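Asker: Chain by chain, the residues:
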Amino acid sequence: MSSFVDRPRYACALGGALATLRAIPRAIPIIHASAGCGHNLHNAINPGAGYLGGGYCGGLALPSSNVAERDVVFGGENRLREQIASTLEIMDGDLYMVLTGCMVEMIGDDVDAVVSEFEDTEKPVIAVHTPSFRGNSYTGYELVLGSLIQRFITRQQQKEPGTVNVLGIVPAQDVFWKGNLKEIKRLLERLGLRVNTLFGEGETLEDIRNAGKASLNIVVSDVYGVEAARKFEDIHGIPYLVTGFPVGAEATGEFLNTVGNALGIDQAHIDAVVESEKQVYFDYLERLADIYNDLDLQRYAVVVGDSNYAPAITRFLSDELGWLPELVVITDFLDDIRKEAVARRFDNFESGLKPAVRFDTNTSSVKKYIAEIWPRNRNQRYYDALNPTVLVGSVYERDLATEFGFPLLTVSYPVTNRVVLNRAYVGTSGALSLAEDLLGTLVAGR
Amino acid sequence: MNYLNAKSAPAREDRLKTNIAFGGTCAQLKGCIKAGCFGSNGCLNLADRRFTETQGCQFTLSLAILNTLRNAVIIMHAPIGCGACSIGNVGVNKTFKQLRDPSAEGVVWLSTNLDEVDVISGGERKLREAVLYADKEFRPETIIVANGCVPALIGDDIDSILADLQTQTAAVIVPIHCEGFKTKVMATAYDAVYHGILKKFVKKPDRRQYLAEPDLEKLKEQYRISRNVNVLNVSSMSRQDELELQRLLNAIGLNVTFIPCYAEPEDFEYALESSLNVSICGTHDDYFVQHIREKYGIPFLIDTIPIGRRNTDRWILKIAEHFGLEKEARQLIDVENKLLDESLEPFRRVLSSKRAFLAGGEVRIVATAEILQDLGMEVVGFKAHHFDQFIEPVFDALEQVDDVVIHVATNQPFEQANLLKRLKPDVLITHTGGNNIAAKHGLPILPLFGPSYNYLGYSGVYEVARRLNRIVRNPQFNRKLAQYTRLPFRKEWYEKDPFSYIKNQDAVVSEEAV
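Residue numbers (the numbering used here), protein chains in the order written: chain A, 4 to 449; chain B, 24 to 537.
By construction, these hints were calculated from the structure, which means they are not laboratory data.
Take the hints with a grain of salt, since some may be wrong.
What the hints assert, rightly or not - Some residues of chain B that are not near chain A, with every Cβ distance over 10 Å (derived):
id, residue
1, Tyr26
2, Arg93
3, Arg230
4, Glu368
5, Arg371
To be verified - A partial selection of chain B residues facing chain A, derived with a Cβ cut-off under 8 Å:
id, residue
6, Cys80
7, Cys105
8, Leu133
9, Ser134
10, Glu160
11, Cys172
12, Asn434
13, Ile460
14, Pro511
15, Tyr524
Note that the structure is predicted; figures quoted are calculated from it, not measured.
Positions of the beta carbon are idealized from the N, C-alpha and C atoms, including for glycine.
Isolated chain A (complex conformation) (with noise of 0.2 Å):
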């Protein structure tokens, strides 16, 4: 049974279907819902996921049926359909994508029908049902995925071998996505993959419509994606591999030996990548022998974050920037099994630390969890207090962060005190510059 929630860290299934398109060049989204969903939902997906802007056919150029209360006295069915038609006749794009809000999908109107009436059109048009009580962002993600794999994405009989997919990473939801996918491309490019993450850079709807010729799909969440690599194996007959969001050197080098050895390629080779990004990475990170030590820069950290970025960062804190990550909240709404899953991820880490982990979708729960797990100051002369520390999470803990004078990496969705281009936080270079971004706050005044 589903709560209220204080201060969502997401949108709604309509919000990350909108993200998700946005994604995609030339796909045109067609709202069908109240006036205000595509206005309400840029303006959290542009400024939440560091100013990621409309894009070519999003904020309020989003094409949308704008229905109202007369609407819902005779149903929606025929504005629907004059407005897809004048969408095909405005909007310049290669794939239109009909979204449903919750007050079109309340009164019943049958989308599917409307939208069967344009299967001969030039340009495919598709429906998918995403009212805003099907579920978050995420859900969103899944919900285009799903229908772009059952409806969009070629069936194809002969798999190649070394091309691979990648999911689970949310656009928009995860700010960093593009770099991300990015990073996460050039990775597996090392091993000899040919690489498709389906919103990356440079790739189109082509690479979509194509994505049925993986031989694996690569899974690198826990939680996100692995509906859509079921909906995969289930309609292509593509196997997946769930990896995880690795974040720093070892988690990408256990990443690589994962495909890697998913797909048979040689152990010496994998191997070899490994120690070249490692060598490459501490070429780098060992800049910060002198500073981290002469300053002491270990620090406590407080890790509030979604599914991927919870586990990956803590981690990475702990076992690589040598930190003292004592609280974890992963925002998430999560059934028992996934919680499990994504629990799993803070087992034996290397430095044998183990932090207080917890689920919780408030905002105002994070500071009671602080409390619960570190001894209050009662006044005693001597007090072992929780400081240093850093906070990393979203801008949602600007105020705790204040309160408790952390330092605080906004990192997790929202992110509005930051602008995010091609930045990347996974591999190699994402924990490069994740250390950078971290140390860097903690040498600004200097």
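Knowing the structure of chain A, use the given hints to seat chain B on it.
Answerer: Chain B alone, transformed into the frame defined by chain A:
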């Protein structure tokens, strides 16, 4: 006018016969105003489009005001996505509140997160839990419950639930009924919010009563009230704007209180100890000030918005007339105008003869055009969110705009893109939100408003001039975007009449206008 016995404010399509789709010239539009097309006739009232783009609803616009109220928690009674736009407000909200009260907290909201189960069985349980949690966790003065489309459609009896909860909470609970599907006129949001404020915040302040009131105290009190005015601010105004208006009214001997934005709940009580409610924009305030006049006998002024010299002169004079302070006002206006006029000279040399297109709220665009004309610029077109009776007085300050195109559309950047190709302005002055499209025309853009810049009063004229001068100096950012990115509209669209998708062709008075 008294709608306060109703559950919620009526839609503006009904109350004001507001129009959201029109294409023609300013002269034609004025003709329509005279003929009553925007008023009681309302023949343009139901005009709409065959193709529409997203446009914002009364829920999102209500939040723009509600988020500013101090010491309040907002409960969005809706599925998880409604009101997610508040994310963009998290940081600046606290800063802006602290300009009014250094100890103010930022915006806090809860979503009742209605899911598939709630759609069938109702959202009452979650609403109750959320309200009680908000009261216990944050101890706010006010809990505002704004409901979206879903509870309205499933028929949650929100008012009864909240009336019951009110007996269990320390905070005052204020319902705001602002479901998006009710209206296509976003500005209905102002009425929806004021409806809640009028019902829950506005009451006579609880002052200490004298057993025997001395005459002198009574006179002092009356004198104080006789010099108080409320200026109704809007969330798109800046603190600098407020300070400028305060400076001008102080200069003629009046005291100013700003409501509703960034106000504390009790500010609405003290606001009744006032002699005049002054709106700066009819689009925002008519619902509130008319109700206050009816219930508490406080007169109001809705005329022009103090943007541009003539509009500011007129605004001050109208207020001064009410208090018999015309002489003081004229002195002030003379001094201010002389100084400002000289200061604008250097900008006129750069800006004169540049051609501008303005898009945004009806009152604001027409008023801002006055600044442009003052700088010697040419106005080549307007795009207004909607149109109703409040536009008329603002036109008075403009010269020779009869042939200028005016287009009514809430957002709808496709029509704007088509118009801009035809009108070929040099500079755009636009409402926020649609600039991923507008920027790709390659033109310099000045935002029509901004909560951290000064636009109002005399200082606002100077600031707008100064910024325009800066912005036209280097439009390379947008120019490069135009060079390397493209707009999403088919080339055939630009060959069609920009108003050809407006359904009610009565609303397209002149195709040859462009």
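Asker: A separate judgement is required for each hint: does it hold in the structure or not?
Answerer: Hint check:
Taking the minimum C-beta to C-beta distance to chain A, about 17 Å, the non-interface status of Tyr26 (chain B) holds against the 10 Å cut. Every CB of chain A lies more than 10 Å from the CB of Arg93 (chain B), the least distance being 15 Å, so the non-interface label holds. Every C-beta of chain A lies more than 10 Å from that of Arg230 (chain B), the closest at about 35 Å, which supports listing it as non-interface. The Cβ of Glu368 (chain B) sits about 37 Å from the closest Cβ of chain A, beyond the 10 Å cut-off, so the non-interface label holds.
Non-interface call for Arg371 (chain B) relative to chain A: holds, since the shortest CB-CB distance, roughly 33 Å, exceeds 10 Å. For the restraint placing Cys80 (chain B) at the interface with chain A, the shortest Cβ-Cβ distance is roughly 2 Å, inside the 8 Å limit, so the hint holds. A cut of 8 Å between beta carbons decides the hint on Cys105 (chain B): the least distance to chain A is about 7 Å, and the hint holds. Interface restraint check for Leu133 (chain B): the shortest CB-CB distance to chain A comes to about 5 Å, inside 8 Å, so the restraint holds.
For Ser134 (chain B), the shortest C-beta to C-beta distance to chain A is roughly 5 Å, which falls under 8 Å, so the interface hint holds. Look at Glu160 (chain B): its Cβ gets to within about 6 Å of chain A, closer than 8 Å, so that hint holds up. At a threshold of 8 Å, the smallest CB-CB gap from Cys172 (chain B) to chain A is about 5 Å, leaving the interface hint in force. Below 8 Å, beta-carbon pairs count as interface contacts, and Asn434 (chain B) has one with chain A at about 4 Å; its hint therefore holds.
A least Cβ separation of about 5 Å between Ile460 (chain B) and chain A falls short of the 8 Å threshold, and the interface hint therefore holds. Taken as an interface hint, Pro511 (chain B) checks out: its beta carbon lies about 4 Å from the nearest beta carbon of chain A, inside 8 Å. Nearest Cβ of chain A to the Cβ of Tyr524 (chain B): about 6 Å, under the 8 Å cut. The hint holds.
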